[in-house]
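Number of protein chains: 2
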Amino acid sequence: MNWDTRFAHRTQQMKRSTVREILKLAVRPDVISFGGGLPAPELFPVERIEQAAETVLAERGREALQYSTTEGMPELREWVAARMSRGSFQIDPRNILIVSGSQQGLDLVGRVLLDERDPVLVENPTYVGMLSAWKPYELDFHAVPTDDDGLIVDALEPMLRQQAYKLMYSIPSFQNPQGTTLTAPRRRRLAELIVEHDLPFYEDDPYGELVYDGEKMPTVLECEAAARGTTSIDDCNVIYAGSFSKIMTPGLRVGWIAAAFPVIDKLVQAKQASDMHASTLSQYIIYEVIRDAGFVENHIAKLRQVYKGRRDLMLQTMAEQFPEGVTWTHPTGGLFTMVTLPEGMNAVAVLEESVKHNVAFVPTDSFFIGDTGHNTFRLNFSNAREERIVEGITRLGQVLKEMLVKA
Amino acid sequence: MNWDTRFAHRTQQMKRSTVREILKLAVRPDVISFGGGLPAPELFPVERIEQAAETVLAERGREALQYSTTEGMPELREWVAARMSRGSFQIDPRNILIVSGSQQGLDLVGRVLLDERDPVLVENPTYVGMLSAWKPYELDFHAVPTDDDGLIVDALEPMLRQQAYKLMYSIPSFQNPQGTTLTAPRRRRLAELIVEHDLPFYEDDPYGELVYDGEKMPTVLECEAAARGTTSIDDCNVIYAGSFSKIMTPGLRVGWIAAAFPVIDKLVQAKQASDMHASTLSQYIIYEVIRDAGFVENHIAKLRQVYKGRRDLMLQTMAEQFPEGVTWTHPTGGLFTMVTLPEGMNAVAVLEESVKHNVAFVPTDSFFIGDTGHNTFRLNFSNAREERIVEGITRLGQVLKEMLVKA
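Sequences listed follow chains A and B, in order.
When we follow the numbering used here, the leftmost residue of the first sequence carries the number 85, and every step to the right adds one.
When we follow the numbering used here, the leftmost residue of the second sequence carries the number 85, and every step to the right adds one.
Chain A extracted, bound-state conformation:
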């Protein structure tokens, strides 16, 4: 059979993700990879998870291995709801849907909200995983200008006045791929615009806890509730996506969506049809680990300390080793910095050269709306150990210097 003639129209839109393909390179132990958005495996609480698995299987094994409700484990939903509640802004467990990793949040929200060719607001560059989830809808993406402080909210206002948008998507904290963060005043102004223009807003927040400088920012959801003077998420337009991948481990595939109940209700139905529910055992293990609040806070503190050290080391090594004309962002948290090469230089060509020297990263052209960003790439600083950061960045600096001389 010639399958090409049988695939659906939307299948033509599918492209293998550069990030995932590069991840495959990264499994060779001699490659120093700054590619994937991988947390540091040596910081995984493996023993704690082993104990939790033992407890869960010994005490509630049959339950933890059986089919369970699509909405998610009740205790885990309660934990998430309590953790997201602030003062009088209390979130109810019915507003929480447990998803099979936050990528699934994107997939489900796309299915529930997006019609073909809907106009959608995004940062540019934006998260490539959102683009692959939503590309089948052939959306009309509109890029909101950004600077070192994230979205330029003043530039958003005239856009909102000009036309209605179906949805806005953003990673306000430690954006992927740029590493930039929306300031608190901009968050408050953004929230006012969300209210004023009745704009649905997807707040993707997998890295929010990984703060290295200053305080954790209020979420856009919290700002919206404050702007509205409401105590209920049911009044809010923000659909918030959180994840255990970065604060615990990604291999368990557990994240969550917090949103107004009518949205959760539809997402549950979409999830039922999609994969029934997230792994019951994964949910039980995570809950068993995180129910100890002291452990979670200590673990996050440890991640912050180590990742901050790696960020500092990477930025310092880049400053020492990268040639003039190459610039990069200065993230205050998260996992990434984005590098910009001199105009006309191609990041994929740099990658090709760089892998010959066993160093990998992710060219970010596929994160851009429009045919641009070919001179940019993303570096992850959380995954590689300190000595490999120095070694890898030094080699990459060498490659860049040689290519700049030739150019």
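No farther apart than 25 Å at their CA atoms in a straight line, the calculated lysine to any residue pairs in the SDA-like style are these: (1) B:Lys219 - A:Asp88; (2) A:Lys386 - B:Glu147; (3) A:Lys386 - B:Arg146; (4) B:Lys219 - A:Thr89.
What the hints contain is simulated information worked out from the structure, not anything from laboratory work.
All values derive from a computational prediction rather than experimental measurement.
Go by the hints and put chain B onto chain A.
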């Protein structure tokens, strides 16, 4: 915000699944539920899984908790490929995609193959989980007539001559909800038709190992390979879906798709955008358990023995307790029998009465194409223990008798 005005068009097609809603009833311990397709939790190899979790986390913990490839754990793909290979028909691991439960197989194949309003062939009644996964495509379903031996393949032939179909969907072994099984001669003839009419075919086979009478049937995939005289699945039109939910445990959410490589290649891309990959830990645990071939065969033998006993007991109690005019199927394997009430009697009304007596089941009208099947329901015989089967079926018989008298 009035979310109803913001949802996508396809969201209007979404309906909560009866099966899932009934499952919620079933969690009250005083309810005897024949509702969900739940395996018997007392047969879960909990200790074995506990050992496996311990081994995996102690020996490969960091790997088992990290992001992994979309295609699935290489060793698990190899195991599945080897288990599905027969003589010269050898399946390669590259033809296997690990999915997050076989429901995800339906979702992904829908995305990759189905365009809006495509004509698709199905049994009637057919699996409601397929209907919810594929309803957004507003497919043009064509029902192939069935009898106690499954699809009437001779009735399929003229349908195939009349028009082209995008896909055919079937559960050939122990169908959900009917419990019926396609005979070996019909499988061979079906395979010939698949070849002759170049028909893509989705073989959903979650229950295939649960055989209580006679031998395990050859899969339609094997029959197609034989009909073509090929040794490679790359030449085949059958997309085969298998699952660990019924032979191991469903809560780990691991299944697989076996298909020609061009199909797998597109499914991988769809899965990437959907949830990145199935739980790494779930895959590692399952592999650790099943790599011991002796254990798997013993475990399946044990399931067969217990479920056969429960099927016999349920059918016998039904024969004793159900009133005249009520009929049901006689499954030779799997989890279900389907009951047909006298014409005009409504299964949902029976359920409403029955839950007052703490007995639950699934009315199957939502499994039917067209507004029919209101007098049918599905009984699961794998989940409830023997004494509860007798008690529940007796109570249900009483409800049926009383309702028949009133009617």
